[in-house]
Each structure stands twice: as C-alpha cells, then as structure tokens.
Amino acid sequence: MKPDKQTEEPGDEDGGRGSLYVPGPAFGEETQDRSGEIGAVDVRQVYVTPEAHRVDTLGNPAEPTGEQNQHNGEEDTPVPEDTVEPDAVSPSTQGALDGVPAGEAALMTPVEVRQELEDFFQKVNSYADDFYWIAHITATATSRMAKHSLWSGARTGARMVRAAASARSFDEFVDRYEEIAVDEMERQGRSIGDGGRKLSSRRTWGETPETADELRQRGEELLEMSADVDFDKSVHPAFNDILDQLAPDEARILRLLAVEGSQPSVNVRDKGWLPVSTDLVAAGLSMVGTEAGLTYESKTQAYLNNLNRLGLVWFSDEAVDEMKRYQLVEAQPDVKAAIGQCKRAKVIRRSIHLTPFGVEFCEVCLPVEVNYENASGVYDAPINRTERGSGR
Amino acid sequence: MSELEGLLELMEASAEVGFEATVLFLSVTNSDLLLYASTFGDVGDQLLGWLPFDWRLILIPPITGIIGYGTNWVAIRLMFYPVEFRGVKVPGMEKVAEFLPRRIQRIPGVMEGKMGWQGIVPSRAAKMGSIAYDHSVDKVATQEEFYQQLDPGAVSSYVVTRGKADVFALVDRIIQREHPELWTEAPQRVKDVVYQHVETRIPEVTDNLLEKTGQNIDEVMNVKMMIINHLEENPRLLNRMFLEVGDKELKFLVNMGFVFGTLLGCFSVPLFLYIDAWWVLPVSGAAVGYLTNYIAIKAIFRPTNEYKVGPFRIQGLFIKRQDDSVDTYAAIVAREVLTVENIAHHLLYGPKSDRTRKMISDSLRPEVDRSVGIAEPLVRAVTGDERYESIRESMATEPIDYAYNLLSDSKLNEERSKKMEEMVAKEMKKLPPEEYVKTLRPAFEEDEWLLIAVGAVLGFMAGWIQLMVVTTI
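These protein sequence lines are chains A and B, in that order.
Using this note's numbering, the first residue of the first sequence is number 1, and each one after it goes up by one.
Using this note's numbering, the first residue of the second sequence is number 1, and each one after it goes up by one.
Just so you know, these hints were derived from the structure itself, not from any lab.
Please read all numbers here as calculations on a predicted model, not as lab measurements.
Mixed in with the good hints, there may be bad ones.
Some chain B residues judged to face chain A by a derived CB distance under 10 Å, without partners named [said to hold, decoys possible]:
(1) Arg-103
(2) Lys-298
(3) Ala-299
Under the rule of at most 25 Å between Cα atoms (straight-line distance), these lysine to any residue pairs were calculated in the SDA-like manner [unchecked claim]:
(4) Lys-343(A) x Leu-450(B)
(5) Lys-343(A) x Arg-106(B)
(6) Lys-139(B) x Phe-231(A)
Derived coverage of chain A by chain B (criterion: at least 3 residues anywhere in the stretch with Cβ under 8 Å from a Cβ of chain B; other residues may be distant) [what the hints assert, rightly or not]:
(7) 290-303
(8) 330-339
Even glycine gets a Cβ: it sits at the ideal position worked out from N, Cα and C.
Work out the full structure: start from the sequences and follow the hints.
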C-alpha cells in the first residue's frame, strides 16, 4: 500500500482512455491486490462517470444539461475535462445495467459496449442531475477521508466495489454509494449533521420505496435471467449481505462447522416425578464456542441465533454419529448445573451443523477446506466449484 | 419392539453359550481335578477328622477371601485396561443400544454396537480431562498465572541463545528460495548488516512477543481445551495419573477384597449349613463380590470430612492422604500436561492458534523492513514489490515452527516444570477436602455401579467354582 497513490489527482491518469473496452479484469485485479488504493480508484470512478458518458462514450456531448454545470459552479470545484477516465465506467454501469458481471464486459465488442452505454444513459438521463451532484459530494468527501486514513479507504473501497457489483439498478448503486460514504464519515467521528443523513436513502419503516409493480418487475427480471441459457452467475447474490451481517466470532464458528462437521449439543429436560410431561431446563448447550476459540464465548448462543437466522446453520434433532462426543459435552459445568436443577434429568442429544446453503457460503467466502462428508449433516452438500467448472 | 425381542434372544443365546462353555471346561478338567481332589480329601479326612463339623467348611472363608481379592483386582484392571477398545461388533446392537437406559449405554462399546471392553478411564479420557480441569486446575490458578510460572523471560533467553546459530541459516534459506539472485549477488557487507540487525533485534522481539502473549493469554489460550485434547490423545497418561496418584488406595482396595471376603465367608458358612441348597455358594459369592467392591470404593472417597471414633480417625482414604497424593498429582500435571512444549503447541496449533500466529507475524514483519533498513527502497526496487512481500511473509511465518521445535526441547521443559509443580502442589494442598475429593471422584462416580456390578458377576462365577471344590473334595 502506497499512500502517495491515494492522493493522486484523477486527472493524472489520462492514459486510461485507451482501455475503455477492457475494463473488467483490470478492475477486479485492482480490487483484490491493492486494496489500499481502492478508495481512490472508486472515487474517480463515480466522480467522472457523467463526464465520461457525456464526452467520451457518446462521442459528442449528448445534451449536456445546464443544471449540471450549475451544480458544478455551486460546488466550486469544476470538473476538468481531462479527468475523464472511461475505464472506470463500465464495471459499475454494466454490472448494474443488465446483470452482466463486470468480468464479462471484456468479451463484448466495442460497438456493443457503446450501444449498451448509450441505451443505459438515455434511460438514466432523468437521474443524471441529482446523481451528478450527489456523486460529486460523496466523491470529495471520500477522497478526503482516503487521505486521512488508509484503512478507511480500504474499507469504503471494498464496500464500494461490492455495491457496484451487486446493485440492481443504477440509482440503487448511487444510493448505496452515498450511504457508504456517510457511514464512513460517521465512523470517523465526523459530524455531517442531519443534512448528511438525509442524503442517505436508508429506508425507515412504512416507506417502502417499491410498489407492487416494481417488485413484480424485479421478479420477472429474475425469471428472465434464469431463462437465459448464457447467464452464469454461480455465486449466490445473498452472500454479500450475509458477510455484512456476520461478526468475526461467527466466522470462527462457521469455520469450525465447515472443517469439523456436525457438533454435538444437548438439551436438558426435567422429567419430574410423574412420567406425564417434561420441562425444558436448558437448551442448545454445546462446546461450539470453546472449540471455535471465540473472543466472546459467552455470546455463543446469540451468534448461533444469528447464523441460524441467516440460514447458514441448523439445529438438528439428530445426534452426531459418534456418541462418545457427548461424554465431554455432558461433563461441562453448564450441563451439570442444568442437571442439578432437575428432579430427574433427561439429557436430549442433538447436533448443530451447517445447512447446504451454509456449506456453499463457507466454500465461496471463507478460506477453509470444507468437509463435504459431514458438514451439512445428512443433507447433500452443494457440488463444489471446481467440479462445476470442469463440467462446463 | 422386534429389536428388543432380538436383544432378549441374543442375551439368552449368549448366556447359553457361556454356560455350555463352562460345562465343557469343567468336564474336560474334571477327571484330573477329581483325582487330586479326592487324594486331598482323603488326607483332610485323616488330619481333620476330629473336628465336630465337616472340615471342608473351613475352606469356605479363605476361598471367599480369594474371591473378594480376585473380583477387586479384576475390577481395577477393568478400570484402566485395555487402553484401546477390544471386542467384536454385534450386528443390530447399535439399533438396540438407542433404547437402552443411559447407564447401559455408558458401558464402553455399547453405543458403537460392540460387545467388549475398554478401560473406563481411557474410554472417558476427554471427559476426565474436562473434570480434572474444572475441579483442580481451574481452582489452582488463572491462565495468566500458569503462563507466568513458566517464566517467559527465561524461555525467551533460552530461545534466543539456542536460536542464534540457526536463525542466520533460516534467513539465508528463505531469501535463497524466494529470490536467489538477491542473496548470492549481495556483497558480504550487506549480508553482515542484515545478520547483525537480526542478532541485535531477536532478544527484544522475542521478549516482547512472550510478554504480549502473557497480556493476551485469554485470547490465545484455553487451558481446558489444551488439557482435554492432550489427555484424549494420551489415554495412557491419564491411566498413569490415576494409578500413581491413587497408588495406595488401589492397593488397599484389592487387599481389602481379601479381608472382607474372608469375613463374609465366615457368615456364609452357617448359611450354607442351614440352607442346604446348591445355590447358596454362588449367591453368597455374588454378594461377596458386590459388597467387597462397594465397601472398598466407598472407603476411598468417604467420608469426606474426618470423623473421630475413639482412637481412630475415619476419613476417605484418598482425602486422608491429600498432601501425599497432591505431590504426585502436581508432578504429573507439571511434567506431562502443563509443559512448555504443550503450551507452545496449543498456542501455535490449537483452536486459537490463528491469533497467536497473527500476533507473531505482525511483530516480525516490521522487523524485516527494519533489518533491510535504509536499503529498503533499493531492495524493493530490485526484488519488486510482490517478491519483497513474499520474502517478508516467509520471514514472518517460518520462524514460528522453528521456534516450536526449540520449545519442545526436553531439558527446557524439565527445568521450567519445576516451578509449575511447586505452584500446583502448593495451591492444591490448600483445597478443602470437599473440593479436593472432586478432582478424582466425579470421574468414577457415574461408573462406580459398573465396577460393583462386575464384582457381583465375578463373585457369582467364583461361587460356582467354590461349590465344585467343596462338593468334589
């Protein structure tokens, strides 16, 4: 990571013009290998997008709107024409536009890309004004912060890239972009006042932005994509959000379950003196937290709840194959204490394991060797990527 | 239900087989036995014919004594051996096992659908390790205190002196592998600068690391898991622990078998006379086996607190000997379990090892930069950023495994274990009896009935043999 690159003005790299039509792979590499620079790269990306569309992509300025220039003037930071860096345009716009992953853009001919972009920008023309202004503010803010802290750059950068790759529509991307910028500023302890928050399109209860029609349309798009034989998106779109919603300790739990397979857990029930009914005294006692080496071991149950909520982990009624493992669980102080509370204790043997979805998540998102035999209990684990790749 | 019936049939069948085997065995040996026995019987008649009752009855108490001794001896063998499971898989038993009571399920092998035996202690290794931790180690000191007992400063200076010679070779090897040209073409002076830097920085870096580990010990270590894993892998060690700590108690248990057996034998003589039935001896044999084991096991741990009856002090044998047995216990814990090597292994390869490794790598990486010093831009330019990073990465990770090898040195371990032993012994002697008894007791508690039952079964079989002896002579 080299801080000096971060502060570089976008205008310094006008050689990027030539690489308009091969943006995908280069973009991807950049995100992975030089994370420190991502912030800077992304800033440029959005910063110049409208410019690119007006000047470069369409060849001649397609109705350069007066309002845009006005905004420019208001912000007192005029955008120099030579900041145009078209290679940054395509990954976000194309990915957002029609579901083509950024990497595939490289396969399109220049003419196709041009056509796509033209269509696209005609479509979003109505957003362009607002978008330009918003992008400008967020870009300035983010670049300032990127100077301030490398980490913030890496953090926002990574989120930006994800937002760009996953946004369903262009305006959603813009929404997310500013959201990220505002979040980051708050994290840095910089007050941006209510105005800043208003920028964010964070939804509050009761104001669902989508109408039934819009939802239906998205549903149709999904089906359309699935009908497209050329469409190949093997990574599940939910993984993004899931990663956002995991605590570091939860990743440790996932690693344990993926590598070691099912883990034993027990419920303790009190049979009482009458063999009529039983009372649940303690549930879900296991050694998962200890075995995973969590920082906050006492939160194990809460972590497991979250993982279960995300559909990654199941609490199974079945016992693990190796009954011997319950010996250890049943000897733990918490289980003993629960048994001590009972008149006549009955220990129910259960297990905790990944769901097939969880197995896939670990396989894609975590650097671990997934134990396919045992990781998802009796449920078939998804076929792993290499197999799928070779099958094609 | 059909499974249950199947089981019953199976049990009947096996009982029959056992019975037939006994009969077969006896009928083979009977002819010889009878010959000797009748000669013995004649001699006995001549010598002891003056007694007012049949002299053969005198044989009953010593024989029951031997039965008591034998049942206890066998029971103790069964506690510890065999270390690995020995037995055969019985088809269908796995299914049946699910419906059996928990007590039966706990018999080694049952849940795996096998008929056979494994020593109770080794078969419960993980559980016993867990219990030992909860009731002794945890009460003795915190993780931090244990870590300090190993004297990180001394460990550090040991690593530094021992490692000095090899660290240059390690540096050479890494650079050689990652970037051969860089090192072979480098002038000796440059190499010397690097070596010198490494040499001067190593002590401080090592000290800092060990100190940092101490500060974050709960993040990187879990003594409980360490003990559990270690004992699970070394069930023999656990056996040793019990056999050495409880050495005297176990011997007492076996010897008491003879004493109690003889005493009980005296009671069974009148029984045998008044209830003139063939089953008296087998049944009293079972009772003898049951009672001798029962009394002996209970006598080890009970009563927890001391009672004074006249001149006698009555207290559980194991507790009575707390100071003695604590020394043995501490020695094993310090020399075999909480050693430098085991702790290092746990830190570097255990469930939280990623944290330790990250800590080490994070503090080594800047050192690599520093050792290159002012030449860094130049080196970077020569090697290229990626190559430089990979050299630095290797420098930051490879010494870890090397250091672990150093830490497994037996001399170092022996030296460092002394302080640990003293501390564990000192702290455990302070434990009140009711706490102390928990270090071993809970491990047996659930299986006591099994040992007692084994005594009864063996006693029953011995009673048959006794019957044969008394009636054939």
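Hints, verified against the model:
1. Arg-103: Status violated, d = 13 Å.
2. Lys-298: Interface hint status for Lys-298(B): violated (22 Å vs cutoff 10 Å).
3. Ala-299: With Cβ-Cβ at 25 Å, over 10 Å, it is violated.
4. Lys-343(A) x Leu-450(B): Within the cut-off at roughly 23 Å; holds.
5. Lys-343(A) x Arg-106(B): Between Lys-343(A) and Arg-106(B) the Cα gap is close to 21 Å, so the pair holds against 25 Å.
6. Lys-139(B) x Phe-231(A): The hint is violated at about 62 Å.
7. 290-303: Answer holds; 5 residues pass the 8 Å Cβ test.
8. 330-339: holds (count 4)
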